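Asks: These are the residues of each chain, in order.
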Amino acid sequence: MNPCWAVARQTVAESLRMRIAWVFLVLIGLIVFVLPFSITGDSSLTGAVQSFLQYGLSGTAILLSVLTIFMSRTLSEELVQKQILLLLTKPLPRWQFVLGKWLGLTILNAMFLAGAGLSIFLMVLYIIWTVPPINAADEQSLASEVLVARHSIRFTPPDFDKTAEREYERRLEEGAYRDVGELSRERFIQILKAKQQAQWRTVTPLGRRTFRFHNVLCDRSPGHRIQLRYYTEIANYAPDEIFRSIWDFGNRAQGTLLYRAETHHVVGRFHTIPAPARTVADDHTLTVNFYNQDSRLVPGHVRTANVIQFLESREVELLFVVGTFGGNLVRVLVILMLKLMFLAAVSLMFTTVLSFPVACMTSFAVYACAGGRKYILESLDFATDDRSTFIDAVRHVGSSLIDLDTQTFFTALQESMMHVIVFVFGTLHYVFPDFGYFDPVETFVSGRNVSLVWVLEAVRDLGLVQTLGALGLAMLFFHRREVAEISV
Amino acid sequence: MVDSAEPVVQTAGLCKTFKDFWRRPRVHAVKDLDLTIRPGEVFGLLGPNGSGKSTTIKMLLGLLYPSKGRIAVFGKPPTDVAVKARIGFLPEESYLYRFLVAHETLDFYGRLFRIPGKIRRERIDRLLDMVGLRHEAKRPIGEYSKGMARRIGLAQALINDPEFLILDEPTAGLDPMGVRQIKDLIRKLGDMGKTILLSSHMLADVEDVCDRVTVLYGGQQMAAGDLETLLARQDKTLITTDSLSEETIDQVRRLIRRLEDKDIGVSYPRNRLEDFFLTIVRDAEAADVHTSGARGGGELPAFLAKPAETGAKALLDSLISAAERPAPEPILVETPAGPTDDEAARTVVDRLAREADGPRETDQVAETAQETIIPAETLGSREVEADRGVIDSLLGDADKPEDGA
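Residue numbers (our numbering), protein chains in the order written: chain A, 1 to 488; chain B, 1 to 405.
Note that these hints are calculated values from the structure, not bench results. Just so you know, these numbers come straight off a predicted model, no measurement behind them. A few of these clues could be false.
[To be verified] A few chain A residues facing chain B, derived, Cβ under 10 Å:
(1) ASN2
(2) ARG9
(3) GLN10
(4) ARG17
(5) GLU78
(6) LYS82
(7) LEU88
(8) THR89
(9) LYS90
(10) PRO91
(11) LEU92
(12) PRO93
(13) ARG94
(14) ALA484
(15) GLU485
[Unchecked claim] Listed next, the in silico EDC-like pairs over lysine to aspartate or glutamate satisfying Cα-Cα at most 16 Å (straight line):
(16) LYS19/B <-> GLU485/A
(17) LYS82/A <-> GLU93/B
(18) LYS68/B <-> GLU482/A
(19) LYS183/B <-> GLU274/B
(20) LYS262/B <-> ASP235/B
(21) LYS188/B <-> ASP208/B
(22) LYS82/A <-> GLU92/B
(23) LYS193/A <-> ASP159/A
(24) LYS193/A <-> GLU165/A
(25) LYS19/B <-> GLU482/A
(26) LYS193/A <-> ASP161/A
(27) LYS195/A <-> GLU165/A
All C-beta atoms in this analysis are idealised placements derived from N, C-alpha and C, irrespective of residue type, glycine included.
Chain B with its partners taken away, still in its complex shape:
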């Protein structure tokens, strides 16, 4: 059982040196790495190629032994079999048996966890549904595309309903549908109180899902901390709203110039290619177009969707710790932001707009929304009430003809 006081992973002065044929030290892959991963958090391990991410993960899994330093996973050495029963691992490549079919593969890994036959079969079916490969379950893995094999790799990582999930480049080789699914899955598992270690080159993916990150370079830790803190930017303000008329924009510009003596930039965002692509794929699936490839995945299997018995306390702890964390800024601030920030900002603006204008058809708004991005220099740090005041004044001003107009 996870103890809130006990980190899932803790390393101290961790070093790994690779040697040459004559046992001379050649590459210092990891140097003095102090890492702590707390229960229930989604932790990102970032770094360029050769920065020591995979080596660190392999040491956490007991596949490599540290040259120096200590590792504890769930408070025990990583080679402890009991520890491994609580871990799910998706390696950077699909190291699966090419001659086994998908069903046999999952069955084999399920047996390694001593999962009883009936439960194992149920889980396999659910996982195959989840990764969208139920209809290809009887094909040997060797015939799969890289992305399909990756999906099976993900399924095997979840077969034991792990408390700690290690994902090494989980989105590599996946189509946008798979990438979206993996990110959704990580979010959901994170919400369920699972601890997740994510190593990825896809910075946008990491940014979307991680609570905390560590950036490695040359085997050393260069930066670490909460993503919110690390990425916080105080010099820009982003305001997002439904499409505005040129006249309104002009008024806003004048208002801000008058109040803050600052200029604004206005842009009209496009739909994201990811959304466009997913729409096409979903339409094809709905039309039942034949494919030998992966299909859109299903929902999170029930056995994963409910907190594990042993993880109940962990979930509780994670909820408590989440409650103790500082609340995110409730207003449309902080640039530059990825989709998450955009969505959060939009939500706040919508809410504020609804309060001002009355109820709207949310779906319709979402489809037709145009975003107006208003950079500013100082608005980001204001209190909610102050921001509400600005919006109110904006709306109020827009309703009234400007002096001299």
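With the rest of the complex left out, here is chain A:
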């Protein structure tokens, strides 16, 4: 056996004999086995399952992340308790020791995560078995929108770049931009494009919009279905807050099946419309026409001019089943595992150079930064918007010191510190992984496919780049460390 594996084996054995591991296991057990009996979601079976999956997976991921960081003390303990003095006299290269420790933590995490994943899967079956659906739609919704792995496709919008450019040329010929000063051509086209987009997303009463989807690689055999999921805002609410519309699936010219869905939906919520998969053309395109059927046309209803708006942030999407719930769960666990592997590597890296409490806190900071990377970057952008450069800020500090201007000094100091923070985090964010991006739980809970491409992306970024990078640094730091060094 490679000494590296011996260290990994020993790390697992050590971790399993630490009380803290069992405390976290009990907490995970509480989440997985007690939570289903205490949450009801929106009282529907679908809601109960979704809430359980959301809290169960997120809770497990957080607890295992914290446990991983705590478990990095296995290395610092060996430094403090001096077992390392004996260990490194054996034919064990230092890099193999670090690798062995990481492997041990990874094996431990894999065991815990696999156990939690299997328990969650079984508990979902138990919930379905014991909790009755509130109606047939609830049962249908659970089967078609939660316990599946659906691929999602966004429609292909019209090419607004071209239409905006054509409009610009037309207006230019008409002399519309003769006295507009210094605004550039690009700026005019940008304004026109935004305007055209907004117009396209707004459907006037009795108006129509056509959504075209490409690469709809679904199973088109009879019996299989696709789903259209959409969200709308509405300008004028009807008293019953219901808007009526027609969705036509298929294209007569392409010889597909034609399917019409007349909907009476509550506004301001997501809705899913199922349709036969045979409405998709042979070239894997799907045409869907939306008609804003104004309530004025329906006898007995109050006449309102409903202007429908499709928001860019809540885009219309097409969904179709590409995999199973179980397979999807496995891919979720793989991504969660990759995050834990990164955390283990980072925690060990800090432990090779810092004492345990400091290393632990630093690892938590990295965990928090990785999780909130997107928000931190956004807020830093906001904080430094329209500010002077770092050099300017430092110059202000200097000049305020010379002028003995206290107020200016502190303002300039604050400004320069902000620049330092922005610079440091701006540099570090290239190193930190984006845990927000690699968060598959919400996708999974909504019955969407956690794609293999996404998993491979996580393997590349979290695994090969960031985890191996952190491990490499850990090995480098530990290689030169004098483990018996004393400071006097």
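Dock chain B against the given chain A, drawing on the hints supplied.
Replies: The following block gives chain B in isolation, referenced to the frame of chain A:
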């Protein structure tokens, strides 16, 4: 493979300076240390606390890097993994995993040496037998007494059948039984051609087992050389014999006064407490008295008792070099001596007495022997024949009534 021309350890101008938080040099733990340990010798590293012994050992093991100077272990840097495969190390404290049981501990260290499973299991059983902890092999190390943990520490140091064994305070925390066992073990391993570096405060232990020593003080080498040479004393002579009557002693005294014009002191040694203690423990073991502690260890495991394949040449070399060394004085000389010297002297006296008086019951003699210690000033340097002449004359005189008696 050990080459007789190649020292196991060689340092040149070795220095180690410890620094403070601001990287300022504060303590010069080792200064200009030139050390050579030859294959097959038992080498003692002596010195008071803080003299640099442990720092030197840590540098030899690659746990500390020298501030200046060079180290070669088996001709390579101490950080070389191949070098570490040939070393066994018992640290000054038992740095073992408290949560692992004894068997797991040895198994773990065995795996680090890539010892195949079957051989590893056999060695673990043999080593546990050797250190007397086979019956406690399933207890976590954290529950062990210091001495028991020390025994496991020793076992892990031997798991790879090392060519070079580094023992840092090996007898610290051990009971007399364990101390005796360690000393016997060192002797046996030394006889097998293993190279052993022993660092200890227990000077008597070092004296019992070491061929050569280096004495450090303040990180510097103060003395070095063969123990025999360093401790040789020319101003006293020790003669040991079975108990003599007052009359004989008186005759001897008169004889020496007449021949050498010197007086003698006579004493009657007691049994050593160590022997007394070990007898009690062995009796208890024989009576199968229950204990959760360590028991008397077993024999040297077979895998250690035979010369390692790679060490065959080393053994041969050590035997050759032993043959080339000057033969020890074959007679009862040199004071003050520890037990080894006493035993050697007794052996010679017994042999000479047997030649004079005929065969005796050796065991009975050993149990009832009283020692007569005869200090003298010049006898130590005499040749064997001359000494034999003195003994003969002593015996001859004792048989005859003294003139005027």
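Asks: Would you pick out the hints that fail for this structure and give their numbers low to high?
Replies: none
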